[in-house]
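*Asks:* Residues per chain are reported as follows:
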Amino acid sequence: MNDTLFSQLSTLGSSIILMFGIGLLWRKSLHAYAESFKWQSVALTIMFLIIGYFGDDHELYVVAVVLFILKVLVIPYYLNRMENRFGDQRELQPYVNVASSLILAGLLVLLAYAITRPLVLVSELSTRGGMPLAMGLIFVGLFVVITRKKAMMQIVGFLVMENGVALLAVLGTFGIPIIVELGVFLDVLMGFLVMQVFVYHIHTTFESIDVDQMNELKH
Amino acid sequence: MIFSLLIAPPLLAALIAALVRPYRAFVGWIGAWLSLIPLSAALTIAAQVVNGQIPTWGFKLEYLNLEEVLRADSLSALLILCVTAVGTLALFLSPGLGRVVTNPHWGELAYGPNQLRRYHVFINLFIAAMLLAVSANNVGVMWITIEATTVFSAFIIPLKLNKASIEASWKYILICSVGIALAFVGTVLGYFDFVSLSGRAENALNWTVLLATAPALHPEVMRLAFVFLLVGFGTKAGIAPMHTWKPDAYGESPAPLTALMSSALFAVAMYALLRWKAVADAALGSGYTDSLFMALGLLSLTIAAFSIVLATDYKRMFAYSSIEHTGLMCLGFALGPLGTFAALLHLVNHTAAKSLMFFLVDNIEHKYRSPLIERTRGLLKTMPWTGALFAFGLMTLIGLPPGGIFITEFALFRAGFALNHPWLMGAALALLAVVFVSFINHLNKMLYGEPAPDNINMERPTERFSWRLALLFVNVAVLVTLGLTLPAPLVTLINQSVAILAKP
Chain D
1 MNDTLFSQLS TLGSSIILMF GIGLLWRKSL HAYAESFKWQ SVALTIMFLI IGYFGDDHEL
61 YVVAVVLFIL KVLVIPYYLN RMENRFGDQR ELQPYVNVAS SLILAGLLVL LAYAITRPLV
121 LVSELSTRGG MPLAMGLIFV GLFVVITRKK AMMQIVGFLV MENGVALLAV LGTFGIPIIV
181 ELGVFLDVLM GFLVMQVFVY HIHTTFESID VDQMNELKH
Chain V
1 MIFSLLIAPP LLAALIAALV RPYRAFVGWI GAWLSLIPLS AALTIAAQVV NGQIPTWGFK
61 LEYLNLEEVL RADSLSALLI LCVTAVGTLA LFLSPGLGRV VTNPHWGELA YGPNQLRRYH
121 VFINLFIAAM LLAVSANNVG VMWITIEATT VFSAFIIPLK LNKASIEASW KYILICSVGI
181 ALAFVGTVLG YFDFVSLSGR AENALNWTVL LATAPALHPE VMRLAFVFLL VGFGTKAGIA
241 PMHTWKPDAY GESPAPLTAL MSSALFAVAM YALLRWKAVA DAALGSGYTD SLFMALGLLS
301 LTIAAFSIVL ATDYKRMFAY SSIEHTGLMC LGFALGPLGT FAALLHLVNH TAAKSLMFFL
361 VDNIEHKYRS PLIERTRGLL KTMPWTGALF AFGLMTLIGL PPGGIFITEF ALFRAGFALN
421 HPWLMGAALA LLAVVFVSFI NHLNKMLYGE PAPDNINMER PTERFSWRLA LLFVNVAVLV
481 TLGLTLPAPL VTLINQSVAI LAKP
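Top line first, the protein sequences correspond to chains D and V. If you count the first sequence from 1, position 9 lands on 9 in this note's numbering, and the numbers rise without skipping. If you count the second sequence from 1, position 168 lands on 168 in this note's numbering, and the numbers rise without skipping.
One chain only, chain V, in its complex shape (with noise of 0.2 angstroms):
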């Protein structure tokens, strides 16, 4: 009952943007507030859950068993409060809510009305198939949601057709394709695997049977399987070396749908992998899936931080970011218990940094028209409010307090050299400290200086306070309050799901 509150509202609101044309106003306003159903709703889960109850939902036709094929554990339940979150602030924050359709000012960067149709179709679709995806108990259906995403999203990458969008949406779709495939190759061996043991079984794809199985099954197979998954999962996440699509979807797309990428889809796809990295950790013991978390986690922070040092592109610039948490929580997650716990309350934090950057990158691109650093000058001066909130994302994003991500990050570092690994620890804190300076130095460029006057919207010289700045300062709470304190539920939350991810 609860999940249909969570899905159905993104379907309605999908629905409404399809029937509705040509695209209006209200149509982008009615998917807003519907999407604060789902947010009361994962609010409504995540209560349940930490009372100790798991919300299930099943039915068993005939022929078509599919008992508790949508399951909200405790690490549903923080997945489904990061995604309905992104969600809803993207969806206040699209384009075509307002008098932004009409401003003859926003020139090339305007959306037509069958743009924003599309747009509003396929957000909301892409936002449930996310929701679906976080609290199937089914494997497959996980893996067919995961897919659906990248369909869904691949329609709206490029908005404005122009040769690097369609460039950037052509490896987006085709790697990504490529790639879950290969995670789907993974899936099929791990059921393989339950059938050579204990014969057909219609729920054999429910993950809690597959992890109760788990120790049965045969190692060998198991360990082909998760190679497959982790390459498959892999390239949707982002984790070096399938990372290329990152950059080029994360510049090309609209703000919104790039604030939703870096933040929730990235989380999804990471969540697919940890369920089956537990599945793979009950049948071979945790220390296979652990070494590749942690050699991959080290290629993504080698390659992200040095691409940071080159970056001229500022929305490039914070894909190779996106790139770098990647790798810092993949060594999260390969670091037992105490890296599992800092590397899901990174995970929180880096949901709500990251769309906030993405947002104000927006707002600077519309004021700037360019991506360009070295044409972003003076933000200070021209926005004060993005400007200052800019600077605040970006000092939180590298792991200064009072941001939730310099805990994080410090727990992950004490989890690490506890379990002994003072060279990998070591060279983790060398590539953070190349991305802080580059990162220090680009940010520098971008706040002061003095704006060339031919390249800025001169419309309206400053900036003024806007509710849409208002909506923002939700994320800095979120951040600020993490860095100074844990609330109680979250980390009764994050420690069941420590117990589901990590046996110590």
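In isolation and in its complexed conformation, chain D is listed as follows (with noise of 0.2 angstroms):
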């Protein structure tokens, strides 16, 4: 009984945090994209909760407090620092409209299904369902990556990926080695700040945000 709720849970927790992700895909503003950002990361401190609870590892709330801080907190906060710098940018003509970039995650979603589909069979974990949704979110982020010109939706594309790398972790594993865990949310952090200097670089220098500006350098 115990199992097939904590299996459900860790579905659907997926699912919505998989959802977030997509949102970015027909959102416009700046704005939308921290909302679901922090948004996304509340989901994901849920879940880590959920599978410290049911799989029984204390470690794991330790990371979801963590991760609340940094994730909730601290990177939201720039963001909407960057925000009222920059005022509310909006992503105007990514490089693939919004019909077809839903069309594409979709798409990306059941090459994700594709490509898990050993993890899924390999594993007895009770959270296994949500892998194949977790990697499925790790392309989306990527995706987001690609496609937007705004480097901070660019930051944004990041970020969702890597709650998509943290989430396939904890589904997959109960949570990595905390020092590692700990390691990469620090690395994560430095990386969020490096990339959010260079913004205001850009910023001073282009005279915009939009990254296809960027066309110095050639052979």
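It is worth saying that the hints were derived from the structure and are not from the lab. No false leads were mixed into what you were given.
In silico DSSO-like cross-links for lysine-lysine, where the CA-CA straight-line distance does not exceed 27 angstroms:
1) D:28 <-> D:149
2) D:149 <-> V:163
3) V:160 <-> D:149
Distance ranges between label pairs, derived from CB positions:
4) D:85 <-> V:20: 30 to 36 angstroms
5) D:115 <-> V:20: 49 to 55 angstroms
6) D:85 <-> V:374: 39 to 45 angstroms
7) V:374 <-> D:80: 45 to 51 angstroms
In this text, all values refer to a predicted model and were calculated from it rather than measured experimentally. Note that beta-carbon positions come from the ideal geometry of N, C-alpha and C, so glycine has one too.
Both chains are sitting in their own frames, so use the hints and assemble them into the complex.
*Replies:* Next comes the structure, spelled out in structure tokens:
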């Protein structure tokens, strides 16, 4: 009974987290991006707590707290600061339009199901149903990074992808060793901070945060 | 204990650089002299490893099992040696040591005190992260430190803020962060398989434990994991088609950073890939990873060869040359023990040759104020020392004797033909010939001809010999030595590494 509940909860949670990722594809403003990321991170934190509870692993509570501070409080704070600084930037013309992006996202999730098939077959964890969804989220995040023109949207895409990786890790292994987990968080934070410093640099040097302005470097 | 001698000095140097503001020249000098401690520690480790010891370090607290978190076997020792050697060279040749700061004729190429401070903080952190990455036994820690190298180097690529450098570093940090995130997916998948077999264990991310369990791992999971790892660490190593950040970042970074990235950082990423290749080979047999390495190696060679033909900018030209050598080494690592031996020796040679080239390129750029080949004429006349070294280095890179690369390329092709890959080796040889011809062509343009007087820093018409140039003769000595003979300890070190990596 407990097991079915656990597996249903983990699949449901992963689906919700994936939906927040796919949501980016039809949202246009930075504000919406930041909000999606924040709520996705909230859902991810809850997921960590659920797995910690059912999997009887108390380390995950610690990880969940760090995750909450980092991805729900700190990073959204900086995203908001950028929003205030640059105004609510809108991604008006991504390289791929909304309709096609949604279709492609669907295909990416299908692809994720195809390639994670061996994992699901091998695993006996009750959380295995969510793993294809986590892989799908990684692909969707990657897709956002590739197709958006605004530097900040690319950052959010990267962060969403990182959330996908964290979800995959917790679903597949009930959490990687805590020291590694914390190191990864530290790296994400530092990487994010550098990227946001660069957004300011890009803004002052190019007078725009569209990365398609960047065409100085060729052969 | 020995590991703290390896990693503490660069951290200390970074701390000093962070505390002293504004920047003073002595900070740079302290960093440079401190870097001799890791270098001697590296030599000690190498000596221990050659004598059959394997230094390890780790601890276990109540919840925190970090046993054997650092471990230096012969492969690590080889890489530690490469990283510390280039690190020392880079720190001695860094901007901000001596009068350079105040020389008004360096114009827009001179750095301000803030930039120098930032540079000296992050270059030391960068070196420390690389050293940790190659001495980590825990693949999670290895991943964390490699990601950290991305962050630290991204701070100093745009030391001068302009459109080109911002663009280069944005591409660099975005592509590498995304790539390295994919490598983490691979790491997680490897760990996942371990967990589904034998339950959770804190030390399961230790490479030694992974390798021991590998034969029991599920091949279908390992295949998937390795693809992610190859794409991820391959991005960082600059294997085609994930190489696109490389020419930009190499073209825009300050010279010592480029030298470090092209020789040391590349080697570190390759090292991570090799560690995982050993695990994947133990799980799958070597055919799978070998064919992936061959395909990507050949692709890298092809893209690099034709980009070198079209190159107009000599810094980017050497970036493509890095991609070419990356491709060659990938081929080597796919060719069994013989090829692995050649590729590891090639890695050592490439480290010496590429760092030499990027320091010389920096001299040239300061003199000519332009990275364009067509504006760089008459090198031998204006800068006899740099010009001669440049010609030597370039000829070594394209595989002419007496440089060591001649030997390693020869060994590599022999290994390939011995393993019955005539088509692959034939294609690679043809591509190397393309590289050879176009490099000679570019070299001719740069060495001879009349420099247009307007674009040269005419302050000091001919170059004088200085200690900065004298230091580069260390690289020359290494290259010539490795071309003429193979020192016995090095052979032992590489043979032991081959035994780790390739099962015959």
